[in-house]
Amino acid sequence: MTERTKAIIEQINMDNEEAIGKALAQSEKLTDLSAEEKAELAAAYSTLFFHDYAGRSGMTRLAMRAEKQIAKFGASVLGFLISELTDADHESSAHFGRAIAANGKDAVQPVMDALNKNRENDFAMINLLGALAYFRDGETLKAMPEILVAAKAKNPQVRSAALYAAGRLARHIGSDAFDAGTTLKMFDTAFEALTDRVPLVRYNAARALGKMLTKGMLTGEQEGKMGKKFDGILGKENNWDNAFIVRHEAAKYVQYFRQDGSAKNKYFQSFRVLQKRELCPDTYYYTIQAPLIAKKLEAGQFIIIRPSEYSERIPLSICGWDREKGTINIIVAAAGRTSREITQMPVGACLADIVGPLGQKAHVKKHEGTCVVIGGGYGTGAVMPTARALKALGNRVIGVVGARNKSLLLMVDELKGICDEVMTTTNDGTDGIQGFVTHALEAILKRGETISHVLAIGPVPMMIAVSNMTKPLNIETYVSLNAIMVDGTGMCGACRVSVGGQTKFACFHGPDFNGHEVDFDQLMKRQKMFVAQEKEALAAAE
Amino acid sequence: MAELSTKERMAIKFVHMPLNKAELRIHNFEEVPVGYTLEQAKQEAQRCIQCKKPGCIEGCPVGIDIPAFIHLIEQGKVAEAAKKIRETNFLPAACGRVCPQDKQCQALCVVGKKAEPVGIGGLERFAADWEREHGTYILPEIPAATGKKVAVVGSGPAGLTAAYELRIRGHEVVVFEAFHRGGGVMVYGIPRFRLPLDIIDEDIHMLEKIGVQFVYDMIIGKVLTLDDLLVNEKFDAVFIASGAGLPKMLGIKGENSSGVYSANEYLTRIYLMQALKFPKYATPLYQGKRVAVIGAGNTAMDTLRTAKRLGADVTCYYRRTRAEAPARTEELEHAEQEFLNWKWLHNPVEIIADENNFVKAIKCEKMALSEPDSSGRRKPVGTGEFVVDDVDTIVFSLGCDVNPIIPSTDKEVRINKWGIVMVDQKTCQTSKPGVFAGGDAITGGSTVILAMGQAKNAAVGIDRYLKGELKWADANVPTDPNAPGVQWEGRFSAGKR
Ligand SMILES: Cc1cc2nc3c(=O)[nH]c(=O)nc-3n(C[C@H](O)[C@H](O)[C@H](O)COP(=O)(O)OP(=O)(O)OC[C@H]3O[C@@H](n4cnc5c(N)ncnc54)[C@H](O)[C@@H]3O)c2cc1C
Ligand SMILES: Cc1cc2nc3c(=O)[nH]c(=O)nc-3n(C[C@H](O)[C@H](O)[C@H](O)COP(=O)(O)OP(=O)(O)OC[C@H]3O[C@@H](n4cnc5c(N)ncnc54)[C@H](O)[C@@H]3O)c2cc1C
Ligand code: SF4
Ligand code: FES
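As they're listed, the protein sequences go chains A and B. Numbering follows numbering that gives the first Met the number 0, in which position 215 of the first sequence is assigned residue number 214; successive positions increment by one, without gaps. Numbering follows numbering that gives the first Met the number 0, in which position 363 of the second sequence is assigned residue number 362; successive positions increment by one, without gaps.
Calculated directly from the structure, the hints in this document are not laboratory data. Note that this is a predicted model, so its numbers are computed, not measured. Cβ atoms here follow ideal geometry from the backbone N, Cα and C, with glycine treated the same way.
If we take Cβ atoms under 7 Å as the criterion, some of the chain B residues that face chain A in the derived model are:
hint: 1; residue: Lys208
hint: 2; residue: Asp216
hint: 3; residue: Thr267
hint: 4; residue: Pro283
Once the Cα atoms are required to be at most 20 Å apart in a straight line, the calculated EDC-like pairs of lysine to aspartate or glutamate come out as:
hint: 5; chain 1: B; residue 1: Lys276; chain 2: B; residue 2: Asp197
hint: 6; chain 1: A; residue 1: Lys251; chain 2: B; residue 2: Glu201
hint: 7; chain 1: A; residue 1: Lys295; chain 2: B; residue 2: Asp226
With the rest of the complex left out, here is chain A (with noise of 0.2 Å):
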């Protein structure tokens, strides 16, 4: 052993976070370490992973840590990871899979010889295959054949494990990987298993089939057989599944079959993804099946979108709807990891949860002077339904387009096509007017025009800049707040605002404020409460 890797085993073995932390910190600087000083390390970090840190989230952050680090060190400690995980326990199999797996390629073979090699035991079996589950390379796909052999072992827990990595591997590794020799195998193997007399390999199968299905991996062929199966398992023709988490598991995804004539019942709706078009890089205009949403939409209002199980609600205006079609058009702009999952969504795919109408009504009437809707990145698509309303009651309605420069303009055309007449801005001066919203409103006064009406949707600092204009010259000037919220119907106050010194909730009282009255300064502290979280669920996701 040698002076620095003894000092930094020292403190592994402290069980305690502080010294554990200064350990990774001090081996993730050495660079230089030598074949023999890896496995020392290696074998030191991984006894942190044999422990139970349930609620000590701050343990299990740096063993996760010490997985990373021992990735690093490649190769040459690989058989010694691959020697441990065969007998490792529930908790720590998944700490050496992870760090397996983080060699990518390289550790194909050896695993698949570890699985050759340890068929008659059982044990070994299910940690192997726990960790091919951890694999994100589609060179892992050459285990595939020896997965769906031990999907068919003895030992039920061996056939979940099994069936378990096939599912998490039509997941993680990209589709275009999977030829259709292995979907077919894959297809019926888990297929079969749907009948098993155990209750979480059938879990498990589900589990495998849904993500082949949400990665667009099935035949339309398969998926109705799929589809009907699933519809028995939820108990349709009487005979369900006795068991609660296979039922659970196949209706997270019977809606991906649930083509629009098939629905469950009248008033279900599937919110299937019509139409897709990048507007510009990260920002997506989408149609989307709604049917009764679509019918209730008034402008101003918003709706909730959850993509996925695993995803946050999150707000989202509204550009437009076709009442007659059933199908409402947004804006998502990915910002993080949930807007991020939406603008992955393809065509055909369907979304989870849609709900809405939320809010108020947009505050319209006739003005005598014009009014001016002013847009600001997916704010511009957010002042159509509002622009349209006020068009209609015989107001003139100005658009007024800001964007950094003319690339990320979104929306121009669309809003020529409701406003009598549409101004852009950009900071650079590649389009329109150079500079900020501010300035085409100070253009249409210096022409002498009245305004009597102005609806600001965007950026927070675009909103304020054109407050502070508009409120010395007492011109009525509405902002769309978007708060942080949950629920969006009132029922949980994250979304708190304070307008006019008072405590309104953005999701039920507005999300229309007068801009005046808002407590802009307050907003933008309270949207960065969760930005240390939000980095953490992208980085997860990823």
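Start from chain A and add chain B with the ligands according to the hints.
Leaving out everything else, chain B with the ligands in the frame of chain A:
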């Protein structure tokens, strides 16, 4: 087995419900009481002296035949016991866990006059769990369709119970729920260490099996209005069970600081949106190291214990003393075992934030109890002495007002000045023809079992209305905006078939 004499029964020792150790359970979200074993349940069941005039039934809001089911457990016929309970109570596994038995059945138990009352809640839970785990539940027969359709708004205990009671009378029932899953407060409020999720899910699946339809993500009042339901969708009646979901705050300075939550937000993030499994589930929770919980009711106990499980140093602030704390006794006791701090007679007056608007400290006035007033109640009064404690998270657990969505979108549904939906106490009819209401929406916040009791009453009312036996002209719906919500007096006798 020979029947035991009363004396022998009285001599048997009370079987304490085994609990998970406080030192361990504060690190996880597993259920705290682990439940009786068959042997323990049988022994506890033997303590019941099978009274001729049982007090317990009087104390039970839905009138479960308690001695009868306990006797069945004593004989080892647990499945039958569960069936017995189900005659009157549709959610026994949930009620066995969350009902305030100490204020209801167990408070009136005859044995309780001399010794510890019979552990009725624990036995109820035991029977229900047995039934679920052994799959002995038999779906009820559904009579021929009556051709009538009822819409139930909300899937909390009131909504689920009404759906069941109406379905077994042969009506078509559709439940509309605003959230993406059913259960109401049982899912988004009551913590997992008191009520595991699969229990509620199982009950909802049972309802689906007998043909109740569920529609999620559907806000009545917004997507479909009451008139849409009654006119366009041709429902013959609507039952509003939308609960009490509007969080109360104190209105003190600094309340909108980051890190200040209502209990609704805090618990919803954790339990409905599963922030307890963050980051696998994406919903975040900003949870500091020192958490202050304001209030001492059931909700406060749940918040306190949840925060503790998330690893914080947690303190309860309440402006009265422990004796006045409105929480269920068992909950208070379990909480007291869990290494929490208690600041009785502390009334928060201000929240102090740092320059980024994050909570830094809470300022409280120390209180004292006044001399009893004419009603015997001792009011907390300020002493003029203030303390400031460093905290980084504050959760207001002060209860809720009634969910305003439906009354705000349909003015024909009359509410009082606190927003509580006004109904005829007997039939649960509201001021709008065809519309009934029950649960927290008509009481302004009570309990699972009272919500269920009212739902049963309402189901009988709706059934009579559908048969043409109930006229709206006879409904006695208060018009005085100062009239209180429905208060429970005596048992909900209705609904026994
Ligand atoms: C009424 C309303 C209408 C909205 N309309 C749209 C829309 O039409 N299109 C669109 O793309 N976005 C819209 N938003 C903003 C959108 O809700 C957020 O971008 C989204 O919640 C971010 O979630 P996330 O999980 O992807 O990112 P997170 O990781 O949660 O957050 C990423 C970043 O976004 C910020 N953020 C988080 N939540 C919000 C929020 N509610 N509002 C603003 N910023 C937030 C965070 O501070 C963080 O910096 C609207 C918000 C509201 C309240
Ligand atoms: C934290 C906490 C702990 C508690 N602990 C206990 C306890 O230990 N024991 C006990 O007996 N009681 C307890 N209670 C009280 C008990 O949970 C409630 O009294 C009971 O759930 C009320 O039932 P409900 O069906 O009337 O309403 P809820 O359970 O509130 O259900 C109402 C449902 O209606 C839905 N809804 C609302 N508006 C609409 C709409 N417009 N359209 C469609 N759906 C809508 C809501 O989303 C919700 O799901 C507790 C409450 C809380 C908050
Ligand atoms: S009152 Fe107590 S002893 Fe008497 S029947 Fe009820 S549970 Fe048994
Ligand atoms: S988002 Fe919950 S109250 Fe507004």
